[in-house]
Structure formats: structure tokens, C-alpha cells
Amino acid sequence: TSAYSSPAKSLGDPGITPLSPSHIVKDSDADDAVEQLFLVVVAIDFGTTSSGYAYSFTKEPECIHVMRRWEGGDPGVSNQKTPTTILLTPERKFHSFGYAARDFYHDLDPTESKHWLYFEKFKMKLHTTGNLTMETDLTAANGKKVKALEIFAYALQFFKEQALKELSDQGGSDFENTEVRWVITVPAIWKQPAKQFMRQAAYKAGMASPENPEQLIIALEPEAASIYCRKLRLHQMIDLSSRAPVNGYSPSDTIGTGFTQGKEHVRRNRQSRTFMVENVIGEIWSELEEGDRYIVVDSGGGTVDMTVHQIRLPEGHLKELYKATGGPYGSLGVDYEFEKLLCKIFGEDFIEQFKIKRPAAWVDLMIAFESRKRAAAPDRTNPLNITLPFSFIDYYKKFRGHSVEHALRKSNVDFVKWSSQGMLRMSPDAMNALFKPTIDQIIQHLSEVFDKPEVTNVKFLFLVGGFAESPLLQQAVQSAFGSRCRVIIPQDVGLTILKGAVLFGLDPAVIKVRRSPLTYGVGVLNRFVEGKHPPEKLLVKDGTRWCTDVFDKFISADQSVALGETVTRSYTPAKPSQLVIVINIYSSEQDNVSFITEPGVKKCGTLRLDLTGTDASVPNRREIKTLMQFGDTEIKAMAVDVATSKSVKVGIDFLNY
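According to the working numbering, the sequence shown is numbered sequentially starting from 1.
Among these hints, one or two may not hold up.
When the alpha-carbon atoms are kept at most 25 Å apart in a straight line, the in silico SDA-like pairs for lysine to any residue are as follows [what the hints assert, rightly or not]:
1. K59 - L37
2. K59 - N177
3. K204 - E135
4. K417 - Y336
5. K114 - E348
6. K144 - C343
7. K602 - S645
8. K417 - C343
9. K646 - P599
10. K397 - E135
11. K625 - S645
12. K397 - P437
13. K121 - K355
14. K459 - G327
15. K144 - D364
16. K147 - R92
Derived from the structure by calculation, the hints contain no laboratory data.
Taking the hints into account, I'd like the entire structure generated from these sequences.
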């Protein structure tokens, strides 16, 4: 039977009913936990394609240190971050992460490598899985499945150990986990279950615990970027509206001339890799006045998300104006188009087989493509060469009985040729065509955001994230929106989120107002009103006529919530003698919800208050106060029996219902 077939969900449930009038108490400073003192803040930017960490000591918050250089970088790719790849042994134990995982996997003999479990770009699974749970699986390159929670925990544990080791080496004595406040960034458009999943993985990795949740902050990527952008000085960014798009391409200069002076500044400190963040508001920021709006477009490997913020003076706190939107339009879309192109030339059947039979060579081919992808620019005239791995050429001949060269000649893809050095030669137009679908989606989505009434007169658009390094994306954004606002790119654009996340960890209160992504409420019984309530919801108990399954709303989707804001409602047991009071919490993406049985309403928490053994002489109408505290990326709920002060707390849980 479907969840909606029974006329009333709560028939067996001794329910609660609102005490009228239903009042809201805004309680901003109720029992705030005593702020723990951490010696250092470590932020982890766990990206779809690459990851990294940075840290700052709370004693000197103006210095942000970005992790040590990694061994084994790729040509043409600046490696302050490491690829988000992970390798498990055939026994499913953690082996390595990043370049080390990739290179080791690559060097394995094909007969052996098929037993090893190699994962890449696995973060997208959290975005694309509709019903994420603790049991969700990920598929390795060899087709074997492993629980996603384990992989994420291994990855976070790896970063935890790397960071603690670096901190210990630097300080000369062992650094304890308890001295660290961790910040993990996630896309703002992720649904609540994915955000909670990240927290669970971090607990499993030993960064924090359910008993000590404050040690870990889940930060939203565009918010982190926004915090960093506030500190930018003019020499630390490129204002696309004030100059021609980045041009002048030389292989050593991946991101075009605009970034050179910024690079110089960093290169001198390359060994220490410390970025100074002056404790001032940057020049661009000082042009913003109370109420001004700006958009942060965070374009990464997997997702692009957009957040519209408004500035609140005097402290320059941020207020989220329009709830985060976006979608899976990251630079992976370009890789996907390249794969489609290969299928067109060599046949889908071959590409599928090749990926399964020679997974390491496939990874190689995608790495070769990655560095050429970074060389694509609007005004490029010379072709881009992509080396085909020897085993690709060899396996294709076995598979088809003719050469790769023959396939290229026969396919009517005229802008991809075979060069005598054994490479695929792509014309710049061919490369730009691979970017087009992804960039079009980003521009389309941004246009929709710009058309929203909340988004009028935006002053700046900050383009951040790894994909923002692409001159093609820069040019598309500038030509589409340059007339409406100034398009700004921070210099070290791939590290913007990481640095902002560190600043957020040092001062989490900087974001003051968020938009609730969901509507929250509890299931209650109301007195049945003829003509108002549907007859199938009628429940008669002890001579009283009740309407069951009523959704009593605490907060609506898209309503603004101040950080730490508490919404309180009072209820009373429908049956006065009732001693175990169960309050079920529900959420929905819809604004106006009347009943918990409506489609899309999900249970996401249960408060069970057991009052057996308390003094029997309580008033005949017990008052049960229910509080929900919003604002952080986590939401907490609590029920209190007013007469006895007995209480119960619960975190909202989207993974286990």
C-alpha cells in the first residue's frame, strides 16, 4: 500500500494538539553553547574534481596557509589542490588518495588493476541521488560497489591526517584533533540529506562527534567565496568589464596575462604558501552601500551554484537574498561532451569496453584532455593536440580490425584529425563546441536568476571556483551580463572557496541571515471543523472529534531565518492522561502544506518525550513546548514539558527515515 492510501497516518498515535493561541517566541540568545576555543581552523574544500585544505591559527587570523605542494602534479595544471581520487586495495582497505592514488593505479598491471577499487568524481553522487541514505553505494572503475559513506570517510580521514601532520611538523610537537575546528565546504544547492551525509562521514573520520558537533562546521561554497571576496584588494582581482577578455596564450601561462601579477605575489611565497588577508574591507567592497546586492557564481567541476547576497552595514554582515540555485553544470560537462565525441568517432560499444578493460588508460586519456581543456580560449587559432594512450590505439585495432587513423578518416567529424605524432588534433572551434552546452546552461540559469524580482540592481558578479579559470566561461559571462553589473574574478580563483572557508571558521557569525531551503512543521490533531476539514481525516477519540495529520508549520521554504533564531510552539496531549508524547517533524519543498500525507512531505525527525514517573499532580492541560532552532546548516529541535522541565533534543535527520 502506498504511504498515502491510509486515510489517517496517526490513528494509532496518541497525538498532540496546538494550545491556542499558537505563539512564536523569537529567542536569539537562549542557552548558547559556550564557545570552545580552538587553536587552529582547518578548512577542507572537498571538490568534485580536485580537493585541498588550508588553515589559519586563531592567534594570527590574517595569515591563511594553503596546504603543502603535492607530489606528482600534471603538466599544465597548477597543483595547489590534488585530484579527488581514491584507491582501495582488493581487500577494500584505504590505499591512497589524489595523485598518489592515480599514479599507483596507473602503474598496476592490467591483470592486477581490475581487482583494485579506484574512485574519481564520486562527489557528484551526493547531488544526483534522490533518496540518499547511509547505505547508498558508489561504483569503482572496475564496476564493484562500496558504501559511499565509507569512501567519503576515508577521504576526509586522509585530509585530517595530512593536516594534523603538517601542523605538527610546523609546530614541532604533536597536534591534537581536539585543538582543531574543521570546516568542510559543500555546494549550496545540495539538499539537506547530502549536507547531513557529509557531517556523518566527518564523524566517521573522527573529525568531530555527535557529542561535540560544534567542532565541525559545514559551510556553503558560495558563502565561503563571498566572505573571501569581501577582503579582496584591487590588485587581487580582475575586473572583466575594464579590459578585454584574457588573451595572449603561452603554455607556461595557463590562465592568461591577467593573472600574472597575482601569481608573482604568490610565487615568492610558494614555499611558505601563506596568503595575507588584510583585516580590512577591500576597495571594491567599500563601494558597496547598505542594501547593495551582489551575486556569487561558484562554478566547479561538478556543480555551479549561485547565491545572491545583500550587504548589511555597519559590520558588513551578509544576508542571503535569494535561495541558492544552480545545477550540475560544472566543467565535468565538458569531459562528458568529449566522451560523446569519442563515441561518435570510435563507436560507443568500443568506448564502453575500453573503459572497463583498460580503466587506467582511460584515466590517462582524460588527464591528457584536462590539460588541453585548460588551454582553450576564445581567440585561440592553433589546434589542440591530445595524446591517445598506446593501449587505446592497440586495443582499438584488436577490437575493430582497423586503425584509429582509419576510424578518424571514416568518421565524418571533420574538425578532429589524426596527426602524424599519434595525436588527436582538434581545431579550436571543435574544442569550444565541447564547452558550449555547459556554458549555455550556466548563462541560461544566470539569466533566470537575474530576472527574479529579488535580484534587481545587482552591483557585482563574482565568478569563483575552478571552472571560473576558463577564459571561455569568463567571456560568456562578461558578454551576457557585463552591461548589468561588474564581473569580477579573484586572482587565485581556484582557492577562493578554500580561503573563504577558513575565514568563515574563524568567525562563523559573519553570515547573519539565510533562506530556509524547506518548509518544516510537526504533525498534530486539530478539532474537527465540518466543511473545513476533509471527512476522511475525521478521528473520534473519547467523544472528541479530531482532524488528524494536520501539518502545523514552523517555517516556510524560502523564509529568511536569522542565525540561531528559535521558533517555539506550544502543544498539549490530545489525551490528558498520556505520558509518552511523540512529536513527529516533517519537511517539504512546498510552501503551503496542510496535511502530512501530501505528496513530497517527508518525516525528518521524532521527539519522544517520556513523562512516566513524573509528579502526577500536573495541571490537567500539560503544556509541551516545541522549539526549532534554524539558521546554521544544521537544524535542532527540542521538546520541553513546562510543568516538570523534562526535555528531549534531536537533530533533524534526513538520512534515516
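Hints, verified against the model:
Of the pairs offered as hints, the one joining K59 and L37 holds, with about 11 Å between alpha carbons and a cut-off of 25 Å not exceeded. Taking the CA atoms of K59 and N177, the gap is near 17 Å; set against the 25 Å cutoff, the hint holds. Under the criterion of a C-alpha separation no larger than 25 Å, the hint pairing K204 with E135 is consistent with the structure, at around 14 Å. For the suggested pair K417 and Y336, the alpha carbons sit about 20 Å apart, so the restraint of at most 25 Å is met.
This hinted pair checks out: K114 and E348 have alpha carbons roughly 21 Å apart, not beyond 25 Å. Restraint check: the Cα-Cα separation between K144 and C343 comes to about 24 Å, which is no more than 25 Å; the hinted pair holds. The hinted pair formed by K602 and S645 fails the criterion: a straight-line CA distance of about 29 Å is larger than 25 Å. For the hint linking K417 to C343, the alpha-carbon distance of about 15 Å falls within 25 Å, and the restraint holds.
Restraint check: the Cα-Cα separation between K646 and P599 comes to about 34 Å, which exceeds 25 Å; the hinted pair is violated. Using a Cα cut-off of 25 Å, the hinted pair K397 and E135 is violated, with the two alpha carbons roughly 41 Å apart. For the hint linking K625 to S645, the alpha-carbon distance of about 10 Å falls within 25 Å, and the restraint holds. With a C-alpha separation of about 32 Å, the suggested pairing of K397 with P437 is violated against the 25 Å cut-off.
With a CA separation close to 15 Å, the supplied pair K121 and K355 stays within the 25 Å bound. Annotation: proposed proximity of K459 to G327 holds, straight-line Cα distance about 23 Å (limit 25 Å). For the given pair, K144 sits about 20 Å from D364 by alpha-carbon distance, which is consistent with the 25 Å threshold. Straight-line distance between C-alpha atoms of K147 and R92 comes to about 11 Å, which keeps the hinted pair within the 25 Å bound.
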